[in-house]
Amino acid sequence: MKILVIEDEKPLLQSIIEFLDNEGFTCEAAADFFSAEEKLISYSYDCIIADITLPGGSGLSLIREFKKKNSLTGIIIISAKNSLDDKIFGLDLGADDYLTKPFHLTELNARIKSLIRRRNFNGDKEIVAGCIKIIPESLAVLVNDKAIALTKKEYEMLLYFISNKNRVLTKEAIAEHLWGEQSDAMDSFDFVYTHLKNLRKKILEKGGEDSIKTIYGIGYKFTSA
Amino acid sequence: MKLLDKINRRFLFTSTVLLIICSVLLFLVVRYVIYDDMNSNLYDEKLQVENRFLTKGILPAEQDLKSNRIKIKSIDVTAPKLFYFTDTLILDSLEGEFTPHRQLSFVVKNNSEAYLISISKSLIESDDIIITLMAFTLVFILLLLITLYVLNRNFTRSIWAPFNSTLEKLKEFNLLNRQPILLEPSDILEFRELNTTLLKMTEQMQLDYDKVKQFTENASHEIQTPLSIIRSKVETLIQTEHISEVQMNTIQEINNAVTRLSRLSNAMLTLTKIENHQFGGAEEILLNTFIQNKLLQFEDLIQQKNILVTTDTDEESKILMNISLADLLFENLLSNAIKHNITNGFINISFQQKQFSISNSGNPLNVSPDLLFDRFVKNNPASDSLGLGLSMVKQICVSCNFDVTFSSKENRHTIQITF
Chain A
1 MKILVIEDEK PLLQSIIEFL DNEGFTCEAA ADFFSAEEKL ISYSYDCIIA DITLPGGSGL
61 SLIREFKKKN SLTGIIIISA KNSLDDKIFG LDLGADDYLT KPFHLTELNA RIKSLIRRRN
121 FNGDKEIVAG CIKIIPESLA VLVNDKAIAL TKKEYEMLLY FISNKNRVLT KEAIAEHLWG
181 EQSDAMDSFD FVYTHLKNLR KKILEKGGED SIKTIYGIGY KFTSA
Chain B
226 MKLLDKINRR FLFTSTVLLI ICSVLLFLVV RYVIYDDMNS NLYDEKLQVE NRFLTKGILP
286 AEQDLKSNRI KIKSIDVTAP KLFYFTDTLI LDSLEGEFTP HRQLSFVVKN NSEAYLISIS
346 KSLIESDDII ITLMAFTLVF ILLLLITLYV LNRNFTRSIW APFNSTLEKL KEFNLLNRQP
406 ILLEPSDILE FRELNTTLLK MTEQMQLDYD KVKQFTENAS HEIQTPLSII RSKVETLIQT
466 EHISEVQMNT IQEINNAVTR LSRLSNAMLT LTKIENHQFG GAEEILLNTF IQNKLLQFED
526 LIQQKNILVT TDTDEESKIL MNISLADLLF ENLLSNAIKH NITNGFINIS FQQKQFSISN
586 SGNPLNVSPD LLFDRFVKNN PASDSLGLGL SMVKQICVSC NFDVTFSSKE NRHTIQITF
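Protein sequence lines correspond, in order, to chains A and B.
Position 59 of the first sequence, counting from 1, maps to 59 under the numbering used here, and the rest follow consecutively.
Each number in the numbering used here corresponds to the 1-based position in the second sequence with 225 added.
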């Protein structure tokens with residue numbers, strides 16, 4: 001999977017590339033308008049992560065132009081602007097997703113994988129991690145080939161874990177993934193733990209391994225070979 | 226009341242008063258003139274009669290003509306020589322009724338005889354003259370006034386037209402459109418001055434607005450970017466092996482601080498944007514649907530605290546406001562009602578006749594309710610909530626001209642908004 005990351009802040013660009021590299025993606029970077037333009041013209045990508053506030057030109061026009069010629073590549077906009085209008089505008093332009101800065105790297109990862117799944121007509125129809133198999137099309141989850149019934153939030157949590165296999169997910173990142181802005185209203189992230197407990201129980205009931213490890217006070221990790 | 230109506234009303238009132246005064250004066254003057262004329266005629270005839278009597282000893286013959294009724298009465302020679310005018314009613318044989326007459330009675334005497342002579346003249350003709358004259362003059366005055374009124378109306382309408390056009394243009398003016406205001410030129414000095422001043426003012430407003438808008442956009446970017454860098458580095462750090470629990474906790478604190486700072490900067494910038502009226506056009510929003518959607522978004526959190534939510538909103542009620550602002554408003558209202566609620570608490574939402582209210586159970590307030598609208602004021606200073614939620618609600622309401630109040634009774638807190 002080839003990904004182009006367009007971001008003018010070098011430290012941030014570096015972090016993103018490092019993370020995605022470790023996920024097994026082939027990554028290329030562009031830190032300004034012209035190199036982004038060049039790369040877009042010369043190569044093809046499966047997914048583009050673009051910051052729209054770029055020096056040298058408007059990131060938005062880049063996306064607009066690009067979308068006209070290539071409708072198959074997925075585009076995720078990353079931006080500091082977070083008003084409803086900005087998001088609607090970005091999506092109207094043809095972007096597939098909009099992530100507000102500062103975002104969690106694990107969130108970006110999950111969204112990229114989700115995007116690729118949606119657009120990848122020839123790809124895998126199932127996600128496998130250890131004894132767990134997820135079939136996104138039908139929202140089915142199998143443990144040791146036996147179906148388990150998960151609530152919507154439990155399903156999304158499991159998917160988030162598996163998309164970020166062997167990565168530490170902070171409680172906060174999980175809360176934001178599941179409840180978005182509404183997580184502001186939460187007193188604490190104990191709520192995350194409640195859902196996690198239920199998820200674990202259901203997996204263990206069907207004889208699955210306990211793959212979700214607690215990482216001290218900061219979060220959890222789904223470990224798998 | 227409208228300007229032209231006021232002008233016309235004043236004009237009508239003044240004209241009517243003038244008309245009445247003129248009529249009265251006219252009547253008095255005309256009557257005076259005509260009666261005076263009548264009196265002069267009578268007096269002249271008196272002189273004639275006196276003269277003839279004194280020189281030739283001849284008295285006029287009694288007669289009973291309309292214009293000249295003469296009555297002669299013999300009186301005592303010692304009677305004083307006097308004369309007086311009277312108004313009497315005399316039977317007019319032609320008319321068949323008593324009609325008003327002007328009468329001059331005077332005494333003529335010589336050494337041996339004295340007579341009281343009365344000459345009367347019918348006033349009917351004079352009265353007719355007065356009436357006709359009055360009528361014609363009044364009609365003329367009335368016509369004049371009506372013509373002036375109509376002309377005035379049309380004139381003022383066309384003269385004030387540029388003013389009305391300017392008023393319309395002002396109403397349409399919107400900082401978000403970034404279009405300078407286009408005012409019709411006028412040859413009237415005052416309107417030209419008005420236009421020049423308005424143009425300057427709106428230009429300055431646009432500049433100020435743009436400056437603040439630019440600031441919020443830049444500030445947002447400038448603040449969130451380093452925060453993104455910090456977060457990404459922290460998350461990279463988390464992924465490394467061999468981190469002790471103590472180190473992990475430290476990293477957690479950094480992460481929390483990043484989140485807080487990010488939320489804070491967002492909230493403050495949003496507040497600035499609202500104050501700067503950067504949120505555009507209003508649209509009609511179906512309140513019930515909107516609230517139900519929001520409640521759905523908060524579903525899990527409501528369940529977690531086992532809060533009982535009751536709504537009492539009319540299916541059809543609509544409010545008029547910008548949709549992003551509406552989203553922010555209800556987001557903050559609900560978030561506030563949930564966050565400061567107790568387990569097994571309640572939330573009541575109702576909307577009747579433009580009055581919206583949301584009540585929630587919660588701990589008693591330590592702060593005066595009004596203060597909570599101020600920025601950074603929190604009921605519990607130790608909590609890590611920003612203290613901006615209600616400020617946001619207040620700012621949105623101020624910006625949209627809605628009335629908002631916060632009241633608290635024991636453990637029940639209510640926010641009321643009049644749309």
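No lab work stands behind these hints, which were simulated from the structure alone.
Each hint should be verified, as a subset may be incorrect.
Label-pair restraints from in silico Cβ distances [unchecked claim]: (1) B:N474 <-> A:S224: 25 to 31 Å; (2) A:K68 <-> B:L395: 40 to 46 Å; (3) B:E508 <-> A:P11: 51 to 57 Å; (4) A:K146 <-> B:A507: 28 to 34 Å; (5) B:F238 <-> A:L84: 35 to 41 Å.
For lysine-lysine, the following BS3-like pairs were computed, each having C-alpha atoms within a straight-line distance of at most 27 Å [to be verified]: (6) A:K87 <-> B:K438; (7) B:K436 <-> A:K87; (8) A:K152 <-> B:K519; (9) A:K10 <-> B:K458; (10) B:K436 <-> A:K197; (11) A:K165 <-> B:K458; (12) A:K152 <-> B:K530; (13) A:K87 <-> B:K579; (14) A:K2 <-> B:K458; (15) B:K396 <-> B:K530.
Cβ coordinates follow ideal geometry from the N, Cα and C atoms, glycine included.
Status of each hint after checking the structure:
no., hint, in the structure
1, B:N474 <-> A:S224: 25 to 31 Å, "26 Å, holds"
2, A:K68 <-> B:L395: 40 to 46 Å, "41 Å, holds"
3, B:E508 <-> A:P11: 51 to 57 Å, "41 Å, violated"
4, A:K146 <-> B:A507: 28 to 34 Å, "54 Å, violated"
5, B:F238 <-> A:L84: 35 to 41 Å, "56 Å, violated"
6, A:K87 <-> B:K438, "18 Å, holds"
7, B:K436 <-> A:K87, "23 Å, holds"
8, A:K152 <-> B:K519, "18 Å, holds"
9, A:K10 <-> B:K458, "12 Å, holds"
10, B:K436 <-> A:K197, "51 Å, violated"
11, A:K165 <-> B:K458, "19 Å, holds"
12, A:K152 <-> B:K530, "19 Å, holds"
13, A:K87 <-> B:K579, "30 Å, violated"
14, A:K2 <-> B:K458, "23 Å, holds"
15, B:K396 <-> B:K530, "48 Å, violated"
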